[in-house]
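Asks: Each protein sequence line maps, in turn, to chains A and B. The first sequence begins at 21 in the working numbering and counts up one residue at a time. The second sequence begins at 241 in the working numbering and counts up one residue at a time.
These aren't lab readings, by the way, just hints derived from the structure by calculation. Glycine is no exception: its CB is placed at the ideal position from the N, C-alpha and C atoms. Incorrect hints may have been included.
[Unchecked claim] With beta-carbon atoms standing in for the labels, derived distance ranges:
#	chain 1	residue 1	chain 2	residue 2	range
1	A	Met81	B	Phe510	52 to 60 Å
2	B	Leu375	A	Asn48	41 to 49 Å
3	B	Pro314	A	Ser80	40 to 48 Å
4	B	Arg428	A	Ser80	15 to 23 Å
5	A	Glu101	B	Pro594	37 to 45 Å
6	A	Glu62	B	Arg503	52 to 60 Å
7	B	Arg547	A	Arg28	19 to 27 Å
8	A	Arg28	B	Leu593	35 to 43 Å
9	A	Gly76	B	Pro314	38 to 46 Å
10	A	Glu62	B	Pro594	31 to 39 Å
11	B	Glu542	A	Ser56	31 to 39 Å
12	A	Gly76	B	Val309	43 to 51 Å
13	A	Gly76	B	Glu542	24 to 32 Å
14	A	Asn48	B	Gly432	26 to 34 Å
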Amino acid sequence: MNKVRVERIDVQGQVCPSTLLLTLREVNRLQEEIRSGAVQIEVRTDNRHATVTIPGAVKSMGMTARVHKEENGYLIQIGAEKVQ
Amino acid sequence: MFDFTLVMLISLGLGLLAGGVMHRADFCMTATFRDLFLFRSTTLPAALLVLVTVSAVLFEGLHLAGALVQFPLPAYGLPSLASLCGGILFGIGMVLAGGCVVGILYRLGAGARLSLWGLAGLIAGSALYAEIHPLWSTFAKTTTFAAAVTLPQWSGLPPWIFVLALVAVTGLTIWRYPAAFVPPVGWRAVAGYIPPVYAALALAGIGALSVVLLGVPMGVTTSYAKVAAVLEQALLSEHFAATEFFQGQTLDLTLPLAAQPLRGGPGPDFDGIAAIQYPLIIGIVLGAALSAWHLGEWHGHEGATRRQQFSVLCGGFLMGLASRMTPGCNVWHLWGGLPIFAGQSILFLLGILPGAWFGGRLLLRWVLPDDHQGGRR
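Okay, chain A solo, but in the shape it has when bound (with noise of 0.2 Å):
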């Protein structure tokens, strides 16, 4: 079984709305490795509306995303359907 590479993003303590467009632009740019399962996306942040906006916007492109609560903040983990 391939490994899956993790593409990691902080965004903690920047200005809205880094979190947003930064890992759109990250799943832009990867989102035929991230749908084939070769790459997940991590992201830490802060920003409790990306919580929501992050996983609508990736299930739109055929992906899904995690949300799990850290110490904190929280981590969003982008992956292929199959992956998650």
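Given chain A, put chain B in place with the hints provided.
Replies: Below, chain B without anything else, positioned relative to chain A:
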């Protein structure tokens, strides 16, 4: 002298409620306009439409029931181009700051240190306005184009007709675009999250409480001018004494609970405005802090670059300046003025739209591109 204690306690309570709701929903008025242009997102504009419509129904219902001492609500002036220009500048400023005048407060409460730059900008912008006030007030007077404060007054029609029309427009919008009004997919998975439309309903209720108990809708920005006045009085006392803006009175209302007059202005005194707005500001910050702490999300991250900090400072500065030029902030106009169809507030809305669009262009061009590369780990 009138005892402000009850007024302050009410304001603090309203602020606590509003701060908690806004934090839980991340109910951001900046994102409402900015994301409409950047991402074609209609969730927050739909929530704002609900907030304005429900507020209009509540305000008019209270008016017809005789529960409001003054109607139209006090402190809204005659419409002029000053409100349109102020709206444009405010729209640019709030996008550069990443939050409006209350967005900065609830994010500060949740631990976002970046908001401190916005607060500093708001105070500095208010101080600059004091210098241009004589010139700007002349401009406002010469560009006033109606002798009525609200559309119902201007048209001679009763306000309820306008409220019914607004309800019909909102109803049609919900029927035509229902997806914009439903909570986002997966919202229940986010701890403590309140969908924007639910938050809009709660904030409309809090706004109605403010009108019933204090006689005015929520607003905070004169406080930033008052802080500027305190600083200027301490540091530049002679210049302060000669500055006309700080000597004026902008609020003169009858307090519903005590049937007493409540007056205030942008000067440094602890007056009626300070009694209403200072506790409201403290309440919003504390309400958001309590909400964040309860969710285990209180944080003090410092992830912003120098460029972002400068952007937030400039954005705060523009908002401070614009909120005195208009006069009034986005919460005052969108949550309080639009529901009574105030001409100033309609012009402010017309200004904020192109302002937010242009602010978004500036944000993408000058503030965020390099940071995006820096955000990758």
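Asks: Taking 24 to 32 Å as the hint, is the beta-carbon distance of A:Gly76 and B:Glu542 inside that range?
Replies: holds (29 Å)
Asks: State, for the Cβ atoms of A:Glu101 and B:Pro594, whether the hinted interval 37 to 45 Å holds or is violated.
Replies: Check passed, 40 Å falls within 37 to 45 Å.
Asks: Does the hinted range 38 to 46 Å hold for A:Gly76 and B:Pro314 at CB?
Replies: Holds: the Cβ-Cβ distance is about 41 Å, inside 38 to 46 Å.
Asks: With respect to the beta-carbon atoms only, verify the hint that B:Pro314 and A:Ser80 lie 40 to 48 Å apart.
Replies: Holds, since B:Pro314 and A:Ser80 (Cβ atoms, about 46 Å apart) stay within the stated range.
Asks: Could you tell me whether the CB distance from A:Gly76 to B:Val309 stays inside 43 to 51 Å?
Replies: holds (44 Å)
Asks: Regarding B:Leu375 and A:Asn48, is the given constraint of 41 to 49 Å on their beta-carbon distance met?
Replies: With a Cβ separation near 48 Å, B:Leu375 and A:Asn48 satisfy 41 to 49 Å, so the hint holds.
Asks: Can you tell me whether the CB distance of A:Glu62 to B:Arg503 sits inside 52 to 60 Å?
Replies: holds (55 Å)
Asks: Could you see if the CB distance from A:Asn48 to B:Gly432 stays within 26 to 34 Å?
Replies: holds (31 Å)
Asks: Is it true that A:Arg28 and B:Leu593 lie within 35 to 43 Å of each other by Cβ?
Replies: With Cβ atoms ~37 Å apart, the hint holds.
Asks: Is 19 to 27 Å right for how far apart the beta carbons of B:Arg547 and A:Arg28 are?
Replies: holds (22 Å)
Asks: Assuming the hint says 31 to 39 Å, is it satisfied by the Cβ distance from B:Glu542 to A:Ser56 or not?
Replies: holds (37 Å)
Asks: Against the range 31 to 39 Å, how does the distance between the Cβ atoms of A:Glu62 and B:Pro594 compare: consistent or not?
Replies: Holds, since A:Glu62 and B:Pro594 (Cβ atoms, about 37 Å apart) stay within the stated range.
The structure meets every hint from the earlier list without exception.
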